[in-house]
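If you read the protein sequences in the order shown, they are chains A and B.
Note that the working numbering has the first sequence beginning at 1, numbered continuously upward.
Note that the working numbering has the second sequence beginning at 137, numbered continuously upward.
Bear in mind the hints are in silico, worked out from the structure with no lab data behind them.
Positions of the beta carbon are idealized from the N, C-alpha and C atoms, including for glycine.
Hints are supplied without guarantee of correctness; some may be wrong.
Stated by the list, open to error - Facing chain A, a subset of chain B residues (Cβ under 10 Å, in silico):
| hint | residue |
| --- | --- |
| 1 | Asp183 |
| 2 | Ile216 |
| 3 | Gln329 |
| 4 | Leu551 |
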Amino acid sequence: MFEFFEHTADLGLRARAESLNDLFAEGAKALFAAILIQPEEIQPLEETQFHLEEADPACLFRDWLALLLTHFEADKKVFTRFQVFVQSSTLRATARGEMFDAARHGRNHEVKAITYHGLLLTQADGQWLAEVIVDI
Amino acid sequence: MAKQAFQGRLERVDSTCWKIPKSYKKGMLVDGLVFASQKLIEQSRQDQALEQVANVACLPGIVGASLAMPDIHWGYGFCIGGVCATDPREGGVISPGGVGYDINCGVRLVRTELNFPEVQPRLRQLVEELFKKIPAGVGQSGKFHFQAREMNRLLGEGPSFLTERGWATQADIDHTEAQGYMAGADPSRVSDQAQKRGKDQCGTLGSGNHFLEIQVVDTILDPQAAHVMGLFQNQVCLMIHSGSRGLGYQVCEDALGSLRKAPEKYGIELPDRQLACAPADSPEGRAYLAAMQSAAHFAWCNRQLLMHQAREVFASILGQTWESLGMRLIYDVCHNIAKLEEHQVEGKRKKVWVHRKGATRAFPPGHPEIPQVYQEIGQPVIIPGDMGRASWILVGQQGSMERSFGTTCHGAGRLLSRTAAVEKAKGRRIDRELESLGIVARAQSWKGLAEEQPDAYKDVDEVVGVVEEAKLSKRVARLRPIGVIKG
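The following block holds chain A by itself, in its conformation from the complex (with noise of 0.2 Å):
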């Protein structure tokens, strides 16, 4: 599950997931329900898959949101089906999805940048954890 908070001049996203694999998935779900009005209706007509490192998951976490903005903005791409597999400081995903509609996506929100200002990762009482506040 994800939710946004309160920041003044920002938007926080956070995400709540059993597993760290289903924690990056939340993540991404949360970035185009805060880009885009009707996320439910992206398609999952193609797949693209992505690969990152990084040894700190919290930044890992950021950098896959990061990753998928940048395909939205410069590809036009909008994702809904994420599997997401993170090993140590490597993530391997598949997304499904299709090109941006705006008449059927709808725009919410500008989000120019997934930001490290805050940036949490975290586990307790079996439950994973992250928050990112994104530029707006």
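Guided by the hints, dock chain B onto chain A, whose structure is given.
For chain B alone, coordinates are given in the frame of chain A:
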């Protein structure tokens, strides 16, 4: 990170200045100094903006103080309204977080020869046509397309490149901060991804707090300075607020990625990862500066092309050329930038990197870097307020050189988060509320107007009152909005 109030030490220096002593936090190299009234400092205590002032005081090579303007609010890394100068000869750093993602976000003010009563009957038509012709809103593409070679020149040369196409005049360039040119720009340092994100966005407004407004001069406090700028009572003006769009965001993102290992490499301890930095004279620092200055050129071109399109709309609706309508650029200021400037530091003249993150250069009369025409009055400073109340034009004062590295505020400053603003607007029609104030507003969405409603901002009149009392800049004229285009 939840919103928490600042519990730290704050000492009153004088009626407009507050100090966070460097003893407040381990690692602070200088004091924090915040320009604010009692009311504004109380508002600033409600979140972590003041903690961010203290964090910036930890940056290597910082000189003077870590400063914040009265429109201070919580940002990421630096607070919005933050100013910091670093000395490159003393290992001073350059920090992309001190510039922000929207590199060279800024404002320009365009005058006209028109009185409000002349425009009033055509106001709705003007607003509708501006809304139709000027690409606004998230991810919107523009009509200007540049081939790779042209984009290279745009990024390397800035808006003077646009004069060849007839989209800018020499007078426009002369009335742009730094003449729209930064000598260290190197387009080869702008990544392919950044160029891809910005390729069809030059000449587009964007979203969030970016806007184009038709305004009316409703108060003149300095008639001489107003006369020099060509301003008069009841005059219609045009204000444009935008930045470097996706290209600038990606330049900052790329730089933060490449600086991730820099603190370890250069032995820098940071209280917040978003403050990532490197010595300005290091390979990493130089690479960022070259890309940042190219993005600054893109932003100036963006605002120039927005103005060009607005001039065309005015000309077509009012049936005269923009030249005969007197649509001259008064000035264009950056409020997210880092610049190498000469300042007096501890009794010595030094070249320092002045980071302005939501803060505006405000050079006083006689400063060699301001246009000849403004030599006697000081550099024009444009302060957008909110879309229901007012904006201001100020001029820089000598106090800014003595107290704030030639800097003043940049706007009203946010008071409510976007979420809180939307909550407050539930069940309301902000456009109709504005209409009852005589303001025609068009936005891509209800939510856009809700987030930017006047109540979401501090009172700009109070903010500019503080910078005047602190002698950083002086009020010239107040402008009230009559037509608003929001992304």
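Here is how each hint holds up against the structure:
| no. | hint | in the structure |
| --- | --- | --- |
| 1 | Asp183 | 5 Å, holds |
| 2 | Ile216 | 6 Å, holds |
| 3 | Gln329 | 6 Å, holds |
| 4 | Leu551 | 8 Å, holds |
Comparing the model with each earlier hint shows no violations; every hint is respected.
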